[in-house]
Amino acid sequence: MSPITIDGSQGEGGGQILRSSLALSLVTGKAFRIENIRAKRDKPGLLRQHYASARAAEQISNAKTQGIELKSTALEFAPGKIEAGNHSFVVGSAGSTALVLQTILPALAQTSSESSIQITGGTHNPMSPPFDFVRDTFAPVVSHCGWDIQATCNRYGFYPVGGGTVSYTIKKTNTNGPINLLERGPLLFREAYARVANIPFNIAEREIAYLREKLELSEENAKARTIENASGPGNFCMVQLHFENIIETFIAYGRTGVSSERVAEAAVKQIKRYLKSNAPVGDYLADQLLLPICLGPGGSFRTTAITPHFETNAKIIKQFLDVDISWEREDRLSWVVNIEN
Amino acid sequence: MKRLVSIGILGTQLDGPESRKRWEKWRPSVSICQQDDLVVDRFELLYEGKFSRLAKTVLKDIETVSPETSMKLHEISMEDPWDFETVYGVLFDFAKNYPFDPENEEYVVHITTGTHVCQICLFLLTESRHFPARLIQTSPPKRTGVESAGDYRIIDLDLSRYDQLAERFEIEKRDAQALLKSGIDTRNKIFNEMIQEIEQVAIQSRHPILLTGPTGAGKSQLAKRIFELKKSKRGVKGSFVEVNCATLRGDAAMSALFGHKKGSFTGAMEDRDGLLRVGDHGVVFLDEIGELGLDEQAMLLRAIEEKRFLPLGADQEVESDFMLISGTNKNLTKEVSSGKFREDLLARINLWSYELPGLADRREDLVPNIGYELDRFAQDSGRAVRFNREGRDAFEQFAVSAEATWNGNFRDLNASITRMATLTGSKRINLELVHSEIGRLKKSWGKDPVITGNEGLLLSVMGELANQVDPFDVPQLAEVIRICRKSKNLSEAGRRLFTVSRLSKKTNNDSDRLRKYLSKFGLSWDQVVIDSED
Numbered sequence: 000m001s002p003i004t005i006d007g008s009q010g011e012g013g014g015q016i017l018r019s020s021l022a023l024s025l026v027t028g029k030a031f032r033i034e035n036i037r038a039k040r041d042k043p044g045l046l047r048q049h050y051a052s053a054r055a056a057e058q059i060s061n062a063k064t065q066g067i068e069l070k071s072t073a074l075e076f077a078p079g080k081i082e083a084g085n086h087s088f089v090v091g092s093a094g095s096t097a098l099v100l101q102t103i104l105p106a107l108a109q110t111s112s113e114s115s116i117q118i119t120g121g122t123h124n125p126m127s128p129p130f131d132f133v134r135d136t137f138a139p140v141v142s143h144c145g146w147d148i149q150a151t152c153n154r155y156g157f158y159p160v161g162g163g164t165v166s167y168t169i170k171k172t173n174t175n176g177p178i179n180l181l182e183r184g185p186l187l188f189r190e191a192y193a194r195v196a197n198i199p200f201n202i203a204e205r206e207i208a209y210l211r212e213k214l215e216l217s218e219e220n221a222k223a224r225t226i227e228n229a230s231g232p233g234n235f236c237m238v239q240l241h242f243e244n245i246i247e248t249f250i251a252y253g254r255t256g257v258s259s260e261r262v263a264e265a266a267v268k269q270i271k272r273y274l275k276s277n278a279p280v281g282d283y284l285a286d287q288l289l290l291p292i293c294l295g296p297g298g299s300f301r302t303t304a305i306t307p308h309f310e311t312n313a314k315i316i317k318q319f320l321d322v323d324i325s326w327e328r329e330d331r332l333s334w335v336v337n338i339e340n
Numbered sequence: 000m001k002r003l004v005s006i007g008i009l010g011t012q013l014d015g016p017e018s019r020k021r022w023e024k025w026r027p028s029v030s031i032c033q034q035d036d037l038v039v040d041r042f043e044l045l046y047e048g049k050f051s052r053l054a055k056t057v058l059k060d061i062e063t064v065s066p067e068t069s070m071k072l073h074e075i076s077m078e079d080p081w082d083f084e085t086v087y088g089v090l091f092d093f094a095k096n097y098p099f100d101p102e103n104e105e106y107v108v109h110i111t112t113g114t115h116v117c118q119i120c121l122f123l124l125t126e127s128r129h130f131p132a133r134l135i136q137t138s139p140p141k142r143t144g145v146e147s148a149g150d151y152r153i154i155d156l157d158l159s160r161y162d163q164l165a166e167r168f169e170i171e172k173r174d175a176q177a178l179l180k181s182g183i184d185t186r187n188k189i190f191n192e193m194i195q196e197i198e199q200v201a202i203q204s205r206h207p208i209l210l211t212g213p214t215g216a217g218k219s220q221l222a223k224r225i226f227e228l229k230k231s232k233r234g235v236k237g238s239f240v241e242v243n244c245a246t247l248r249g250d251a252a253m254s255a256l257f258g259h260k261k262g263s264f265t266g267a268m269e270d271r272d273g274l275l276r277v278g279d280h281g282v283v284f285l286d287e288i289g290e291l292g293l294d295e296q297a298m299l300l301r302a303i304e305e306k307r308f309l310p311l312g313a314d315q316e317v318e319s320d321f322m323l324i325s326g327t328n329k330n331l332t333k334e335v336s337s338g339k340f341r342e343d344l345l346a347r348i349n350l351w352s353y354e355l356p357g358l359a360d361r362r363e364d365l366v367p368n369i370g371y372e373l374d375r376f377a378q379d380s381g382r383a384v385r386f387n388r389e390g391r392d393a394f395e396q397f398a399v400s401a402e403a404t405w406n407g408n409f410r411d412l413n414a415s416i417t418r419m420a421t422l423t424g425s426k427r428i429n430l431e432l433v434h435s436e437i438g439r440l441k442k443s444w445g446k447d448p449v450i451t452g453n454e455g456l457l458l459s460v461m462g463e464l465a466n467q468v469d470p471f472d473v474p475q476l477a478e479v480i481r482i483c484r485k486s487k488n489l490s491e492a493g494r495r496l497f498t499v500s501r502l503s504k505k506t507n508n509d510s511d512r513l514r515k516y517l518s519k520f521g522l523s524w525d526q527v528v529i530d531s532e533d
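In order, the protein sequences belong to chains A and B. So for the first sequence, numbering that gives the first Met the number 0 puts the first residue at 0; every next one is plus one. So for the second sequence, numbering that gives the first Met the number 0 puts the first residue at 0; every next one is plus one.
No lab work stands behind these hints: they were computed from the structure. Please read these numbers as outputs of a predicted model, since none were measured by experiment. Among the hints, a few may not be true.
Stated by the list, open to error - Facing chain B, from chain A, some residues (calculated, C-beta under 8 Å):
#1 Lys42
#2 Gln65
#3 Glu68
#4 Val89
#5 Gly161
#6 Gly162
#7 Asn197
#8 Pro199
#9 Ile250
We put the beta carbon where it would ideally sit given N, CA and C, even for glycine.
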């Protein structure tokens, strides 16, 4: 069978195309060749982040590969048998541990034997899902697709220093029929956190003060804390909304020269936008749910947006799997996605 | 894929501080390992003992930002990191003892940290391949306050684009050589190699140079060029003094060279500085040095060795620090054995000795020199004169041929061009002028040179056209001519020449074949046999 050819420059033309292709190849056992990797980015080709993902995919599948090198803009990947069990990976330059996970998770989660993986790198990076999102928002939903994920953050790794470690145990379980995530259900409670590492504590305190005032949170549901064992400096504030059917995570990162209030305000803005809609699945979660649902029981969900990421992802899935993915707009912030497999 | 190994010196300022605040600052050594498109597999960090704490902090931080990188610390001891000798020595020893494994590893040498002296030494040792590495430079983020690893750049000194640097150096060298050759694009290998060496000697040495070779080979011209080259490189401050020793006799010789005091001999009306004194801090060219008297030779030896001499009639020595270039067309060793030249003086003046080939031995340089002489005429007379095409072809052809012996070397060539350029009424030297000039030259070299053998025979039959015959054809054509001369007529010659092949021909066309063969070289029967009737 000739390998599937993927054009890395389609859609937003970033690293997601590579990760999705690797994940799908691992799951389906189909070989692929990707060209024009990250063609639309300033530094095209594989950066450390993508290199680490490709190597991780190679490692768990004994794949035959060609072109996995830094700055490479084309690679070939032919997976062998998936090796569940213990694996550890490292990503330098504070590359995201979540993105490495994303690449290998579907294959390991479709295997009935349990896997234990440890990833060293960034745990809280802007531009990629934070650890808390993976554990609290993503894992509970995909458990309905038969993916059992237990997540632990042993050490925080902030951009640009990194050096955090996360571990996951992953295995396949049973499902209770198609996914049906159209409503949020009643709001149970809300929590806010602010964290600082190696910078003054009052930065976190001011963020919490802002969040409490704007979101009318009680003292016990809004807490500032110092992280002791992070390598470098870091700060973020996060709000989680616990609905009956979904927990959504909103995060904003502190940056040099940006006041604590401005940081917290960014989180509040995301929440306000989410609350304007009734859709349970936020922008970021939507495209990550596609693959688990396609591989699992199928079904439908309602989301706040169809992003370019989502569309590209859907396209690539259809190159590997015989599924039907369709979506329909109901309202400005409400779309229904249907998946039949 | 080869492992990437980075070698660098701990930047005691730039790689600091040790405090928690360090992450807010760009630190070059750490930044190499923070790049998202570069993975360093091993990092060799050189540090001085007193900075071991900082080195360990940097080590720990690199392990954090780049778990893929293994770290190695090397304690070095540079008492003074601003002292070239120490720093070079320490880094040289490190490079020498480092187990480079270019089969499996590639190396980058980080030149952003360390004192400037460290950076320069690292560059030099990398350029000289003591570090078989490329250079890596890091630079801070363009906008401050932005958390980023900044930039890096890898410089491969072996890459062709850095050849431009080397090339610029080459061009400068070529310019110097061109100056020595008066800008003439000479092609003679021996001459060019000699010029190459003289260039180096002229720039670097102030020792005496001896130029030998036949009259007119360009000795005095070259001496002057050497002076100009030295002057352009600031090797001399003074002026160029040229003396032909053949013109110096008796008291006048002494006085001209070494100077005199007023009244020291008849006719010495004023104090006079000798030429050697005038050449102080400059170059003195003594042409025909073999003609110098023994007394003068003794004085000259002292002047060279002591840089001082006694002018005629003076009671105090004067000093002069000059560089001596001597010229001669004599065999000085022979002169020494016949007692006409001091052995010790010869040993002094021929430290660098070059024999200039005569023009006849540099035939490939004749064409460029013709151009040079025309330019020189234009400069001297203000009249730009060129050959027309036929004139140029004919003259060049003659100039490089065996007929032209160039007994007077460049002096002959110069005179010849000057005559033709002067005689032409227009700005073009035509064929007619060239022919008469060739006649004049031949006459001046005495009777036509005796050229024997096949070449001589062809020359006598064909004149200048003989030079257009390929060496391949020469023996055959010469033999044909000889047989013709032994024969009564064309048919007899034909029969002799085609004695085998004619047997297999139906008709006898020997004379026709011979006529055609001769006409290929522009020859007729009459021309071929005319000489033998003499």
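Hint by hint, here is what the structure shows:
no.: 1; hint: Lys42; result: 6 Å, holds
no.: 2; hint: Gln65; result: 12 Å, violated
no.: 3; hint: Glu68; result: 6 Å, holds
no.: 4; hint: Val89; result: 4 Å, holds
no.: 5; hint: Gly161; result: 6 Å, holds
no.: 6; hint: Gly162; result: 4 Å, holds
no.: 7; hint: Asn197; result: 5 Å, holds
no.: 8; hint: Pro199; result: 11 Å, violated
no.: 9; hint: Ile250; result: 17 Å, violated
Figure legend: structure checked against the earlier numbered hints; hints not met, in rising order: 2, 8, 9.
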